[in-house]
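Chemist: If you want the building blocks of each chain, they are given just below.
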Amino acid sequence: MSDLDVMTPIVIPEDDSAQGEARLSRINDATGELHPLLRVQNLRVSFRSDKTTWVQTVKGVSFDIPYNTTVALVGESGSGKSVSSLAVMGLLPEQTSRIDAASVLEFEGKDLLAMSMHERRMMCGKDIAMIFQEPMTSLNPVFTVGTQIGEVLRIHMNMNAKQARERTLELLKEVGIPSPETKIDAYPSQMSGGQQQRVMIAMAIACEPKLLIADEPTTALDVTIQKQIVDLIEALRVKRRMSVLFITHDLALVGEIADQVVVMRHGVIREDGFADQVLHYPQDAYTQALLRCRPSLDSRPMRLPVISDFLNADGTAKPHDETQGIIRPPERTRGLTGDEKIILDVRNLSKSFYLRDGFFSKKEFKAVQDVSFKLAKGKTLGIVGESGSGKSTLGLTLMRLHQATAGQALFEGQDILAMSNQEFMAYKRRIQIIFQNPYASLNPRFTVGQILLEPMQLHGIGRNDERRTELAMQLLERVGLPTAAFYRYPHEFSGGQRQRIAIARCLTLQPEILICDESVSALDVSVQAQVLNLLQDLQDEFGLSYLFISHDLSVVKYIADQVLVMNHGVMVELANSDELYRHPQHPYTQKLLSAIPKGVH
Amino acid sequence: MSTLSTTPASLAHTASVRSHSLWALAWRRLRADRVAMLSLAVVVAFLIMLLLSATGVIAKHWNDDVGVNYAPPTLIGPDTEDDVAASQAAAAKDTTPIDYYGVTDPLAADMTAIHTELAKSSVEKTRVRQTTLPFGADKWGRDIIQKTIKGSETSITVGLVAALLSVILGTLLGAVSGYFGGWIDDALNWFYSIFTSIPYLLLILAVAAVLQQKGILSIVLILSLTGWTGTYRLIRAEYMKHKAREYVLAADAIGASHMRKMFVHIFPNVSHVALVQMSLMVVNFIKSEVILSFLGFGVPIGVVSWGSMLNEAKNELILGHWWQMMAASVAMAVLVTAFSLFTDALRDALDPKLKS
Chain A
0 MSDLDVMTPI VIPEDDSAQG EARLSRINDA TGELHPLLRV QNLRVSFRSD KTTWVQTVKG
60 VSFDIPYNTT VALVGESGSG KSVSSLAVMG LLPEQTSRID AASVLEFEGK DLLAMSMHER
120 RMMCGKDIAM IFQEPMTSLN PVFTVGTQIG EVLRIHMNMN AKQARERTLE LLKEVGIPSP
180 ETKIDAYPSQ MSGGQQQRVM IAMAIACEPK LLIADEPTTA LDVTIQKQIV DLIEALRVKR
240 RMSVLFITHD LALVGEIADQ VVVMRHGVIR EDGFADQVLH YPQDAYTQAL LRCRPSLDSR
300 PMRLPVISDF LNADGTAKPH DETQGIIRPP ERTRGLTGDE KIILDVRNLS KSFYLRDGFF
360 SKKEFKAVQD VSFKLAKGKT LGIVGESGSG KSTLGLTLMR LHQATAGQAL FEGQDILAMS
420 NQEFMAYKRR IQIIFQNPYA SLNPRFTVGQ ILLEPMQLHG IGRNDERRTE LAMQLLERVG
480 LPTAAFYRYP HEFSGGQRQR IAIARCLTLQ PEILICDESV SALDVSVQAQ VLNLLQDLQD
540 EFGLSYLFIS HDLSVVKYIA DQVLVMNHGV MVELANSDEL YRHPQHPYTQ KLLSAIPKGV
600 H
Chain B
0 MSTLSTTPAS LAHTASVRSH SLWALAWRRL RADRVAMLSL AVVVAFLIML LLSATGVIAK
60 HWNDDVGVNY APPTLIGPDT EDDVAASQAA AAKDTTPIDY YGVTDPLAAD MTAIHTELAK
120 SSVEKTRVRQ TTLPFGADKW GRDIIQKTIK GSETSITVGL VAALLSVILG TLLGAVSGYF
180 GGWIDDALNW FYSIFTSIPY LLLILAVAAV LQQKGILSIV LILSLTGWTG TYRLIRAEYM
240 KHKAREYVLA ADAIGASHMR KMFVHIFPNV SHVALVQMSL MVVNFIKSEV ILSFLGFGVP
300 IGVVSWGSML NEAKNELILG HWWQMMAASV AMAVLVTAFS LFTDALRDAL DPKLKS
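Protein chains in written order, with numbering that gives the first Met the number 0: chain A, 0 to 600; chain B, 0 to 355.
Note that these hints are calculated values from the structure, not bench results.
Some clues are possibly wrong.
Said to hold, decoys possible - List time: in silico DSS-like cross-link candidates among lysine-lysine, alpha-carbon distance up to 30 Å:
id, chain 1, residue 1, chain 2, residue 2
1, A, K182, A, K109
2, B, K240, A, K365
3, A, K361, A, K226
4, B, K213, B, K260
5, A, K340, A, K317
6, B, K242, A, K365
7, B, K286, A, K365
8, B, K260, B, K59
9, A, K376, A, K58
10, B, K213, B, K240
11, B, K286, B, K138
12, B, K242, A, K361
13, A, K362, A, K340
14, A, K362, B, K240
15, A, K362, B, K286
16, A, K125, A, K50
17, A, K58, A, K340
18, A, K361, B, K59
19, B, K242, B, K138
20, A, K238, A, K209
21, A, K317, A, K365
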């Protein structure tokens, strides 16, 4: 990778043909050498774990970002991709981190690490700009967006208030904010997530940076918005002749935007090269595994491949003949025939929230309107929709964590929504929920043992605590955790392991229906595959029925027999999953499906 | 796995579950923390001192005038001659005969008897009264060290018990208010607003007037009944934040009751707020006891406390007698510092996420 700057042939962005030359490297005035826009050489970053020990999280990473190019840095959490980008921006915490003395960070041939703090700061925002994952938390909620963009212009471009405002308007127009004249005085909370991210982008490009670092800019956004933002970034890059360092975990997205790809794992670069080559002819076993373990729209294997199918524990590739069977696994068929036993029959379910509007009046917000479906025993019903579609409210209302406004949910002929709390207690055992965020859904002050024993104690399962402990141990083994986990606290586990603990907690009650509310959305791709495999195994073994709520259409396609599409609280389409993905009837479904990144396929 | 063969194993498991409980782990983490152990030792030493003094093992004779008035600490040495001469002159003035204009004093014989009797004992006493004491003496010649030890009884009891009570009260109300919300929250908030709108001293006077008796118990009640407001507000905010967290929803989903969610699930996660409040409150209440004593709602005259010592020190400082104030302040500062360091360390130790 170190010789990328002299690599030929060069990928020429289409738009540049008018210019006639796309110089990916430039000649340094002082030394006369060719240099790329950004050179990262042997970058090593350590973090302080306690008073004396330092842990290296980035272990000698080298890559170049040429001029006018999008480079994607791909990896799962803990791969060091964000840390590398923060090192470039000079945003690492001073007290608890350090960059190895042998590391080289050069921007346009200038040594970034030799600069003073003040010089670095003047460069940040002006030459190198960054956009972050969460636009909601990256914007200051008490200032209007106009003020916040204007601040950048006043600091770096020495504009006065009037000039800054004019320029801000232009920028807002450029990033595609509707009616920028009124939106310039809006507060971040008055905008949608997509608009907020556009504002962040406007702020980042305000000073015409040469390098834009985008750290997971679309991860928090809906799939249709994601497409718009990615298109916007690409359009701006071409128009402004800047380079983009695009950090993401999503390989499919990389295929849509990147010219070059760097795949990282555990602080080391596993593979790098041109996007087409890395995505279609991956050389490294880890890249291959990453590409395989993400459910795709056109196949549905019996079991999703996981990283450990391709890699040994030490990170080396497994021999070729072992992985052959995994690459072409048998396919699973899904869908309902119509004679399945129905376990849950939801009729005209509605849920409204009331907001206080003025002194006496209330405003009704209909989160779920008139939704009806039937869940077949031992099958999975996928519920998809974008944020605000009411899919999570639907799940929580069925669990009675929200009070339903109208409608029925018949479980063995009994309406569980009309029961008293005491009557419902008996049904709580049989209908359980797994939440999205495995970090938030386990009480941090409980050991795993306490977490697993509590539901059994509450429902009187098992004769005594000894018997319950035994059951809990068996369940831990069933979900693939060591029994030693019993004595640990949740924070000692990774996200995937925590989600397994949450699944084990549900299983202690031996439920018949499991509501999975975005249960794999917060997990890394490889962990996601493991948890999906586990859920599938449990369904095969215990005949569980799943309500699988997700915004991720590929995951739903993989796991669900039937799919229900929701938009703004209304049911848009309900069909067998193969049917729905092949022939979407409703325009909204068609729009959703077309927005899925298809970079890899 | 047969039941028989697994029983001993599972027994062993249960045993180790118990030994791995939150408190056992917290204790292990505390023990590794040197500052925590030191501050704990100081707090425990104060408590032992309190117990010994309450049972009369030490500082039983704190009320005896063992030194001369305002006897300075030994390190400084006895007072200058002028003062001694002045006090002798004052003593001599007392014996100046009074002119009775020829009338015989009917009580003269009795008085002489009393005087000789008194002289006997006072001779004994003046012989014992020392010119210096290890940490000086107060206005009546009482040993400051003994007085401070005796004073700790009132102050620590008032500080700790009142702080504990007010934190419990604030936590309970805050938990109910934040967790249930709705009209319960509204009602409690109204109560809180009314409560805080009354000037603090007036409130204290009102509670004192209702209780109608002096003593440690009423000070504790006055302070805890008026001091819960801050804790209430903080705990309420924490509960509002936590009740929507997924782990509480998950507890709801498995069928945990309201009480269980409030105190078994949420409370350990917000306990740090209560602990920090508690350590702040102990300091405040020891000081408040001074104000109460000053207003006449504090401890009765015959009882000593650090607060009343500081109250006396006000006038002594002008005369240059700093030792009483010094003793009370040092004792208070050491206890309060040790106590806050300890609660801080306890907070960290109770949080399993922080590594020791």
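Chemist: Take the hints in turn and mark each one as holding or not.
Modeler: Taking the hints in turn, this is what the structure says about them:
1. Annotation: proposed proximity of K182(A) to K109(A) is violated, straight-line Cα distance about 39 Å (limit 30 Å).
2. Pair hint K240(B) plus K365(A) holds up; C-alpha atoms about 24 Å apart against a cutoff of 30 Å.
3. For the hint linking K361(A) to K226(A), the alpha-carbon distance of about 36 Å lies beyond 30 Å, and the restraint is violated.
4. Distance restraint check for K213(B) and K260(B): the Cα-Cα separation of roughly 41 Å exceeds the 30 Å cut-off, and the hinted pair is therefore not satisfied.
5. Between K340(A) and K317(A), the direct Cα distance comes to roughly 44 Å. Violation of the 30 Å bound is thereby established for this hinted pair.
6. With a C-alpha separation of about 23 Å, the suggested pairing of K242(B) with K365(A) holds against the 30 Å cut-off.
7. For the suggested pair K286(B) and K365(A), the alpha carbons sit about 55 Å apart, so the restraint of at most 30 Å is broken.
8. For the hint pairing K260(B) with K59(B), the CA-to-CA distance comes to about 49 Å; that exceeds 30 Å, so the pair is violated.
9. For the hint linking K376(A) to K58(A), the alpha-carbon distance of about 50 Å lies beyond 30 Å, and the restraint is violated.
10. Between K213(B) and K240(B), the direct Cα distance comes to roughly 42 Å. Violation of the 30 Å bound is thereby established for this hinted pair.
11. A distance of roughly 22 Å separates the Cα atoms of K286(B) and K138(B); the hinted pair therefore holds under the 30 Å criterion.
12. Restraint check for K242(B) and K361(A): the C-alpha separation of about 24 Å stays at or below 30 Å, so the hint holds.
13. Among the hinted pairs, K362(A) with K340(A) is inconsistent with the structure: their alpha-carbon atoms are about 40 Å apart, more than 30 Å.
14. Under the criterion of a C-alpha separation no larger than 30 Å, the hint pairing K362(A) with K240(B) is consistent with the structure, at around 24 Å.
15. With a CA separation close to 51 Å, the supplied pair K362(A) and K286(B) exceeds the 30 Å bound.
16. Our distance criterion of 30 Å between C-alpha atoms is broken by K125(A) and K50(A), whose separation comes to about 36 Å.
17. Distance restraint check for K58(A) and K340(A): the Cα-Cα separation of roughly 55 Å exceeds the 30 Å cut-off, and the hinted pair is therefore not satisfied.
18. Distance restraint check for K361(A) and K59(B): the Cα-Cα separation of roughly 70 Å exceeds the 30 Å cut-off, and the hinted pair is therefore not satisfied.
19. With a C-alpha separation of about 58 Å, the suggested pairing of K242(B) with K138(B) is violated against the 30 Å cut-off.
20. This hinted pair checks out: K238(A) and K209(A) have alpha carbons roughly 12 Å apart, not beyond 30 Å.
21. Among the hinted pairs, K317(A) with K365(A) is inconsistent with the structure: their alpha-carbon atoms are about 53 Å apart, more than 30 Å.
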